[in-house]
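Now for the letters of each chain:
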Amino acid sequence: AQSVTQPDIHITVSEGASLELRCNYSYGATPYLFWYVQSPGQGLQLLLKYFSGDTLVQGIKGFEAEFKRSQSSFNLRKPSVHWSDAAEYFCAVVPWGAAGNKLTFGGGTRVLVKP
Amino acid sequence: NAGVTQTPKFQVLKTGQSMTLQCAQDMNHEYMSWYRQDPGMGLRLIHYSVGAGITDQGEVPNGYNVSRSTTEDFPLRLLSAAPSQTSVYFCASSPSGGGDEQFFGPGTRLTVL
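Going down the list, the sequences are from chains A and B. Number 111 in this note's numbering belongs to position 111 of the first sequence; there are no gaps in the numbering. Number 100 in this note's numbering belongs to position 100 of the second sequence; there are no gaps in the numbering.
Hints should not be assumed to be uniformly reliable.
Stated by the list, open to error - One-sided and incomplete, this derived list gives chain A residues near chain B with beta-carbon spacing under 10 Å:
id, residue
1, 34
2, 36
3, 83
Hints listed in this document are in silico derivations from the structure and should not be mistaken for laboratory results. All C-beta atoms, glycine included, are put in the ideal place defined by N, C-alpha and C.
So that you can see chain A by itself, here it is in the shape it has in the complex:
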């Protein structure tokens, strides 16, 4: 079955430390890949997206993600976390060629930042 999996429900990281959030997808063909962030009580904001080409994608707020076809993964990274990065992060996909622009989301990873 087609799915998006974020294995880590919660991650706690110290301010200034690096962060990596995992995302795996299960689709026949590589879908469009996205990372969204949701701050407490807010809507979702797009961090970055991957369609094709360079497998290392740069996004906003200092985030980057690496697409690995062999592992069906699209992991999100940030070299040095700031307290304002505490939020919930969602990996999402849109199947290639699908009608509409229908996002399928992973379950989310909540990031807590320790001072």
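Given chain A, put chain B in place with the hints provided.
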């Protein structure tokens, strides 16, 4: 631009009541969608529209109706609310399909007693 707006922000209903969640966008986007967010499940697509007069079902459409009479507005109707519909609802819009960025509204938190 206000972007995507949703009203109300909070709502409490009793089982069996009906209501409409409003969504509007001022970006002239063709595509609009409704998602619900439940803990641990991410967001799931309820209904979507690819243009005025065209709607289709998403992953969890039961208990919800939509219509799209204008490009700007995409209301979500609950005809007979059930406790299982307690959730946070997000509306989103995008210029088109093909993986275009979707812009999300601030959400409506709905509680059904």
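For each hint, the structure was consulted:
no. : hint : verdict
1   : 34   : holds, 8 Å
2   : 36   : holds, 8 Å
3   : 83   : violated, 22 Å
Checked against the numbered hints given earlier, the structure breaks only hint 3 and satisfies all the rest.
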